[in-house]
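J.: Once you have looked at the hints, place chain B on chain A.
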Amino acid sequence: MATEAIVSPHHGVHAERHWLIEWLTTTDHKKIGMMYLMFTIAFMVVGGILALIVRSQLAWSNNDLVSQEKYNQFFTMHASTMLFLFIIPVGAGFGNYVLPLMIGAKDMAYPRINALSLWLIPLAAFIMFSSFFVEGGSAQAGWTEYPPLSSKTFLPGHGTDLWILGVQILGISSVGGGINFLVTTMTMRAPGMTLARMPIFV
Amino acid sequence: MTADAVAHGHAAHPVEEGMSRGMAGMVLFICSEVMLFGCLFAGYFYVRNQADAWPPAGVHQLEAGLGGLLTLLLILSGIVGHAGVVGLKSGNRTLFLVGVGLAIVLGTIFIGGQAYEWFNLMEEGLNAGSTTYGSTFYIMTGFHGAHVIAGLLMLALAWTRGYWKDFTPARHLFVDASMLYWHFVDVVWVFLYAILYVLV
Numbered sequence: 001m002a003t004e005a006i007v008s009p010h011h012g013v014h015a016e017r018h019w020l021i022e023w024l025t026t027t028d029h030k031k032i033g034m035m036y037l038m039f040t041i042a043f044m045v046v047g048g049i050l051a052l053i054v055r056s057q058l059a060w061s062n063n064d065l066v067s068q069e070k071y072n073q074f075f076t077m078h079a080s081t082m083l084f085l086f087i088i089p090v091g092a093g094f095g096n097y098v099l100p101l102m103i104g105a106k107d108m109a110y111p112r113i114n115a116l117s118l119w120l121i122p123l124a125a126f127i128m129f130s131s132f133f134v135e136g137g138s139a140q141a142g143w144t145e146y147p148p149l150s151s152k153t154f155l156p157g158h159g160t161d162l163w164i165l166g167v168q169i170l171g172i173s174s175v176g177g178g179i180n181f182l183v184t185t186m187t188m189r190a191p192g193m194t195l196a197r198m199p200i201f202v
Numbered sequence: 001m002t003a004d005a006v007a008h009g010h011a012a013h014p015v016e017e018g019m020s021r022g023m024a025g026m027v028l029f030i031c032s033e034v035m036l037f038g039c040l041f042a043g044y045f046y047v048r049n050q051a052d053a054w055p056p057a058g059v060h061q062l063e064a065g066l067g068g069l070l071t072l073l074l075i076l077s078g079i080v081g082h083a084g085v086v087g088l089k090s091g092n093r094t095l096f097l098v099g100v101g102l103a104i105v106l107g108t109i110f111i112g113g114q115a116y117e118w119f120n121l122m123e124e125g126l127n128a129g130s131t132t133y134g135s136t137f138y139i140m141t142g143f144h145g146a147h148v149i150a151g152l153l154m155l156a157l158a159w160t161r162g163y164w165k166d167f168t169p170a171r172h173l174f175v176d177a178s179m180l181y182w183h184f185v186d187v188v189w190v191f192l193y194a195i196l197y198v199l200v
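Top line first, the protein sequences correspond to chains A and B. Residue numbers for the first sequence follow this note's numbering, beginning at 1 and rising by one. Residue numbers for the second sequence follow this note's numbering, beginning at 1 and rising by one.
Fair warning: there could be bad hints in the mix.
Calculated pairs, DSBU-like style, for lysine-lysine (alpha carbon to alpha carbon, straight line, at most 35 Å) [to be verified]:
| no. | chain 1 | residue 1 | chain 2 | residue 2 |
| --- | --- | --- | --- | --- |
| 1 | B | Lys89 | A | Lys152 |
| 2 | A | Lys106 | B | Lys89 |
| 3 | A | Lys30 | A | Lys152 |
| 4 | A | Lys106 | A | Lys31 |
| 5 | A | Lys30 | A | Lys106 |
Sample of chain A residues at the chain B side, in silico, Cβ under 8 Å [unchecked claim]:
| no. | residue |
| --- | --- |
| 6 | Tyr110 |
| 7 | Pro111 |
| 8 | Val183 |
Label pairs and their computed distance ranges (CB to CB) [unchecked claim]:
| no. | chain 1 | residue 1 | chain 2 | residue 2 | range |
| --- | --- | --- | --- | --- | --- |
| 9 | B | Gly112 | A | Pro156 | 34 to 40 Å |
| 10 | A | Ala196 | B | Ala194 | 38 to 44 Å |
| 11 | B | Phe119 | A | Glu16 | 52 to 58 Å |
| 12 | A | Asp64 | B | Ser130 | 40 to 46 Å |
| 13 | A | Val134 | B | Leu66 | 39 to 45 Å |
| 14 | A | Ala51 | B | Ala156 | 55 to 61 Å |
| 15 | A | His18 | B | Thr108 | 26 to 32 Å |
| 16 | A | Pro191 | B | Ser135 | 38 to 44 Å |
Just so you know, the hints here were simulated from the structure itself, not pulled from any lab data. Built from N, CA and C at the ideal position, the CB exists for glycine as well.
Next comes chain A alone, as it looks inside the complex (with noise of 0.2 Å):
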């Protein structure tokens, strides 16, 4: 894609985009699947930093390395990382890199909800995790988060709201992404190949 920024037949040549306007506005799947990566590996590690402090407290008998209410929004908050910021999204990132690849599509079908899916995940991460700046601390039900415990009368706090709030805008995410996945393989497949021919990971 890039070089076809830079010369277009017609807008004549164009001077490169400086690399970071070109990473935070591109809509090639390459380079949102190679984001997407990034994206969820840096919260593989913050869940995994979480559950690090999980587990120190576990280590021994009446540990007091972190307080009850902090365990639970910790161990709330590595569930749900690992879960709705990393497993959900890293197989978003491999089939945006390689899915175009595999069917002989040039691009997804929707490029532009491509990279609106992509960048509504950081977004969601940062209403999820300013939870634990707020009065009462991050949601703390585990990640089911089922009522009545993540009922007003049990946590008063604001940390359950973020968090559906983010989960909420991580399911438009990955609705979007969804959506671009099946209409890209249904109508973007290279000629000759039948759904029967497409290769097996598709």
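T.: Same frame as chain A, but now just chain B:
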């Protein structure tokens, strides 16, 4: 699908027949919306089934009158909107502008009627926070209202683009997609009306 045609060498190009890329996306998006409303309906029936009395003591059943009128308006807007799309496809631009324009007007009246009903009910004391009867009602009609507003914005954009002669009988993907979404919103309302107002 067209995959067979490709496999037998009839099509020289990548799969382009059948559903277009944009419509495929809209259909899948509507599928995700069906799941969303399906969750709301499931939650509603669960809560209703658990309740001792529905509506709970001290709360009276919703009046079906105004809602019924709004249902008719929404169905009518779907019909005239469809007529507008048919007009566009047959090159009748006036029919398109009138049909889609009427659909937008009727949808706006629907939202206005809904808001009127909400304010009336809130004055009567039916609030989202007071009973589960209230919270299910407001969350379901509220979600649906948000979807109606989204559909109206899409139709308004389609109408404006049509007014600017952006569409031809052969090229009108945005009109098709937004009208499909509008029909979906209509159908959801029919179900909502049936279970929230009519089902006793």
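J.: All the hints need checking, so say for each whether the structure fits it.
T.: Here's how the hints hold up against the structure:
no.: 1; hint: Lys89/B to Lys152/A; result: 53 Å, violated
no.: 2; hint: Lys106/A to Lys89/B; result: 31 Å, holds
no.: 3; hint: Lys30/A to Lys152/A; result: 43 Å, violated
no.: 4; hint: Lys106/A to Lys31/A; result: 13 Å, holds
no.: 5; hint: Lys30/A to Lys106/A; result: 11 Å, holds
no.: 6; hint: Tyr110; result: 6 Å, holds
no.: 7; hint: Pro111; result: 12 Å, violated
no.: 8; hint: Val183; result: 5 Å, holds
no.: 9; hint: Gly112/B to Pro156/A: 34 to 40 Å; result: 37 Å, holds
no.: 10; hint: Ala196/A to Ala194/B: 38 to 44 Å; result: 42 Å, holds
no.: 11; hint: Phe119/B to Glu16/A: 52 to 58 Å; result: 57 Å, holds
no.: 12; hint: Asp64/A to Ser130/B: 40 to 46 Å; result: 43 Å, holds
no.: 13; hint: Val134/A to Leu66/B: 39 to 45 Å; result: 41 Å, holds
no.: 14; hint: Ala51/A to Ala156/B: 55 to 61 Å; result: 49 Å, violated
no.: 15; hint: His18/A to Thr108/B: 26 to 32 Å; result: 45 Å, violated
no.: 16; hint: Pro191/A to Ser135/B: 38 to 44 Å; result: 53 Å, violated
Checked against the numbered hints given earlier, the structure breaks hints 1, 3, 7, 14, 15, 16 and satisfies all the rest.
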